[in-house]
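S.K.: Each chain, written out:
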Amino acid sequence: MVHQILFIIFALMCVAGAVNLLRQTHPINSALSLVVVMASLALIYLLLGAEFVAAIQVIVYAGAIMVLFVFVIMLLNAGAEERSSGSRIALIIGVPGALVLGVLVGWIMIGQNKQLGSVAISATDFGETHFIARLLFRDFLLPFEVTSVLILIAIMGAVVLGRKES
Amino acid sequence: MVPLSWYLILSAVLFCLGVLGFLLKRNIITIFMSIELMLNAVNLSFVAFANYWNARGGLLPSGKAVVGLSGHVFVFFVMVVAAAEAAVGLAIIIAVFRTRETLNVDRVNLLKL
Amino acid sequence: MTDNLHLWAIPLLPLAGAAINGLFGRHFKNRVVSTVALFFTAMSFGWAAWAVKTAWPGGGMTLPHIETLGTWIYAGKFSVPFGFYLDQLSMIMVLVVTGVGFLIHIYSVGYMAHEGGYYRFFAYLNLFMFFMLTLILANNYLLMFVGWEGVGLASYLLIGFFFLKDSAANAGKKAFIVNRIGDFAFLIGMFLIIQHWGSLNYDVVFKAVSPISPEAGWGLLTAIALCLMFGATGKSAQVPLYVWLPDAMEGPTPVSALIHAATMVTAGIYMIARSNAIFSRAPHALEVVAIIGCITAIFAATMGLAQTDIKRVLAYSTVSQLGYMFLACGVAAYSAAIFHLMTHAFFKALLFLGAGSVIHAVGGEQDMRRMGGLRKLIPRTFWVITIATIAIAGIPPFAGFFSKDEILGQVFASTHGGKILWAVGLLTAGLTSFYMFRLWFMTFFGELKLGSVDAGEEAHKASAPAHAGHGAASHSHGHADDHSHGHGGVHESPWIMIAPLMVLALLSIIGGWVGIPGSMGGHNEIGNFLKPVMTASVSTEHAGETAGLQERQTEEPKENNSEELMLAAISVGVALIGFYFAWLLYYKRPELPDKITAKIHGIYLLVLHKYYVDEGYSQLIIKPLLALSTVVLWKGVDQAVIDGMVNGAGSASKGIGGELRRIQSGNIRSYAAWVAIGGAAVIAYMIYIGVAK
Amino acid sequence: MSITIFILAAVIKIVLIVFIMLTAVAYTTWLERKVVARIQNRWGPTRVGPFGLLQPLADGIKFILKEDLVPSGVHKGLYIMAPMLALAMALISFAVIPFGDAVSIRGYQIPLQITGVTMGADGGRSDINIGLLIILGATSIGVYGIALAGWSSNSKYSLLGSLRASAQMISYELALGLSLVGILLLSGSLSLREIVNQQSNTWVIGGFNTHLPHWYIFPQFIAFFIYLMAAYAETNRIPFDLPEAETELVAGYHTEYSSMKFAMFFMAEYLNMFTVGCLATILFFGGWHGPALPFLPPLLQAILPLLYFAAKVLFFIFLYIWIRGTLPRFRYDQLMAFGWKFLLPLAIANIIVTGLIVALGA
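Protein chains in written order, with numbering that gives the first Met the number 0: chain S, 0 to 165; chain Z, 0 to 112; chain E, 0 to 692; chain L, 0 to 361.
The reader is advised that the hints may include incorrect statements.
[To be verified] Think about it this way: if two alpha-carbon atoms lie no more than 27 Å apart in a straight line, the pair counts; the simulated BS3-like pairs of lysine-lysine are:
id	chain 1	residue 1	chain 2	residue 2
1	E	530	E	52
2	E	206	E	76
3	S	163	L	340
4	E	448	E	375
5	L	33	L	65
6	L	155	S	163
No wet-lab data here; the hints were simulated from the structure.
Sequences are here, hints too, so could you generate the full structure?
M.R.: Written out as structure tokens, the structure is:
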């Protein structure tokens, strides 16, 4: 029972953050609501027994990527969004569209509920760091190396793009 | 014992909100953030299924044992890619802002300056 | 002992002559060209004579004598050899073709002396000889078809010899195309033969056909027979496809003599006679042949009455005589047809060459109305043509009488519908003698009206000698078959032209004696000579049933001599009546014909214009065909469909490109929308698959 | 040990630790002013209470009573939230720090650690097995506090100050993380209690007992050195306190803040110092392990580990203040260059060396 209550709390936090991301006009507010979403997701990961991933989520996502976003927003200081012609139509089409999509997927999920079974914090040290480490550096070594190259290229790209033309 | 479908529904809802943000918002950075939201939704379902498969065990169709943790590793990779994407994306946004003086997506529609 | 007769030499010799003249003739002087042409034709004639002598039935050679050089086509089970086939029928044909051909070669040396393109003429003539001999000596339908086409080609080249004259070129084209239509049917016939008997060789096909009784295989055999017959009508200028022969008179006169009288047009008859095994087992087809022959005969004869051009009259008489031969084949009297073919070759060639020398004499004038009184001016030609005219009219001692009488006798005796055909044949005989003697009187009696133009009456051919543009451009300038008046008044032809005429005249007289029927004291040597060919394929056990269809046996007991004599008498009477009328109208009272034509003006015009057949064909066939090809095929299919598709693809992609361009609007949010829609579609598809499973 | 007892114990521990920490923070200000004064050959606060001991109390009351100015044009929400966020993050990292082994109260073994748990049959004490990551997470979220503070107060100085401070913290966070990897290679576990337990006895190298305590400072002194530098930069302390240097940017990111909000920033900073101190003692100086002193009375004997731990932390605090008094300030570009071009490569080299040693040794 505790799990379900905790899950509902975190889920509500998450959805509230996401909705706030949409509602806010100023990007800084939406950025912070996104940080809230990520933090609640981290908590949900803990609920799912994925400690390492939760920690990484906080450090990498909330701590690094979102800081980057906040930085850019602060630097550019572009101010709040202003309404423009396109948004009216998008709103009219977009919202019901997303609703339909969500309901459709939700209905499918609920429909498949029996087969899916349930999930709990697994007793044994499921999300232990050293298990993930062993897996990451043995079975997934190639992807690991590839992503490291990707990151290198991304850094160079960012530097080149970000630099002021001298 | 939270049924798996709740997690999936939450992930679906987050994903839809991400798509909505991606469509509705006018500020480039906010659009960018809604993409991040979508990625997070995906991560959630990854972790949820990782836990589910770990609990179920059993054999993969290819005969190998089910490795629940691979879900986590995937989340790890998704994060790395998201980081890279964010870095390059924000650099581009800065470059765009420097030339166009605005972050409003509808203003940035001319291919030449 | 079946020694090798090297039959292949007979056709190859003229080919060699044609090659030499054709390739190097330009540099030879006329004399060299003619000697080369004559030498090879003579060699071929000599060789043929030698081959016939050695292979004469009594001489221990088994006939038919087949020599194969090698295989020409080898496709799975079906193979066509290069083979030559000598039997009684081809012996006669070879002798006629080479003999008459050689005489005509000699004649044309004189006739063509002043024409341009001398070497070209002789090269074509030799080429024609080569193809005709191939046609006759071939041992299978396909090689015969090679000859068949080659002969058509040669006739096209020779008709269009004066290619500067539009009418000549068009006549050549017309001849070739009409022949091709006939050949088309011939081809289908051959395909049917291949389909059912797997081979085209005569011996194989006839052996396969013989066991089939008429009732059993009538469907297939009739079809093949009709196809072959239709091919023959194309080549031998019978009713539906005869239109090319009168126009073929555009060619030089020796050409008309050789090709359009003696040899080529007889190819159709030879083919029917050769495949008598098939025809005699297809009674319905025979009936059709007979009817077509009969119609052609009467039809051409009536048209011949109104012609004023001397060569046109002879052309229509040829068509009518060929109609007779078809009629003979139609009643399964193949040997009678071949007999008439032989005699006709002699006197018709003679008539044409005689007409040639008349034209030569009067300086190219072809219109009979302007000729007259040539009896004293060109006596030798006069006598020669008189013999030929008497022969063709069918007056007893001469060849024409025996062969025509033979045919009429057979027709009278044949069972179904024979009487009507005989009556029409008799009428045609009368008309033949009438228009032949009309020609005779108009040309040689009365006074010479040369130079004065009959105003008013629309001359069939341009009254004044149609000096087609004497374009000096082309050095081998062919000019109207008449030639300049440089020779002053009318003069007799040189000996080189008269000699062959004499020979032909002699042949026209004695030619008939070969086939004197039993009733008149002879024993029909030619009938017996050809009997093995005509009946060899009819196996004995069927003798009874096909009695009616079988070769008419002249010695049949119930056919008594008196009836035959009576028939002969009637035909001679009709011929004399024809003579009397011709004498009356064109000698005694020359003004009478104009009065008669005035009275029956409508009919006269109809006949004069050849029953408007040519115009009819052009309206009914050529115009719709042209319309079809332009409107439907060219405009409809080519333009609309093909071009349409190609251009359509181009414009369609441009159109779609135009539409899609609007998506690249630069508006990032629209891109986002498209991405979202795409994503939704994919998800929906996956759900569909998931749910469906 | 059921959930309820754990929660009860946790609440008590939280209250206790927060109270102790805040008073400790207050008295560190006093200590700092005293030590810096002594370094600068002057007395520091002496009037308020004996030896100025009540000075922190006076400061506290001052902060509380001062008027809480909120400048106009400020992003109200963020302006108020920023200090709270900074303080919260600073406090969170204490949740995982094990102050001592365990204390048995009425038969329950209560580990002296907020997230400490006595689990399993043998009553072994264990805690979150990703303790260290949580501290790192807390520090990285702490950056928000400063960044938002500067940006929301809508003034150029504070904006520049906050940008510089967060940039500095982000880059040094990297060096900090990498330096800790050396320790992890030796300890093999991320849980702090585990690391402390591993440093209990003496180093035995190749059978020869060096009688040196099994602290990680000895094999990892380079890592310790890098850790200290990075930590100082993280907490914006003297050699690296350019962003809030009065001479440069008035007061850096918290120029527009007054009274309580300013106090929060202040407390956050000192709490971070304490976190750094605790972490240093846990990772490098063996936490509560120290030479046994048999001559002490049993009561003291029981709380000796705590005393050891407190002594070590205090030493680090003193080190902070000492360095603050002596070292000059880095220029910004020097600061960045030092962080990226010197510390980072050194940390990576250290990792490689320790990795080799551990791999070859095992």
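S.K.: Each hint needs a verdict: does it hold in this structure or not?
M.R.: Hints versus structure:
1. E:530 / E:52: holds, 19 Å
2. E:206 / E:76: holds, 18 Å
3. S:163 / L:340: holds, 22 Å
4. E:448 / E:375: Given pair residue 448 (chain E), residue 375 (chain E) holds - Cα atoms ~15 Å apart, limit 27 Å.
5. L:33 / L:65: Holds. Residue 33 (chain L) to residue 65 (chain L) sits at ~24 Å (cutoff 27 Å).
6. L:155 / S:163: holds, 21 Å
In this structure, every one of the numbered hints holds.
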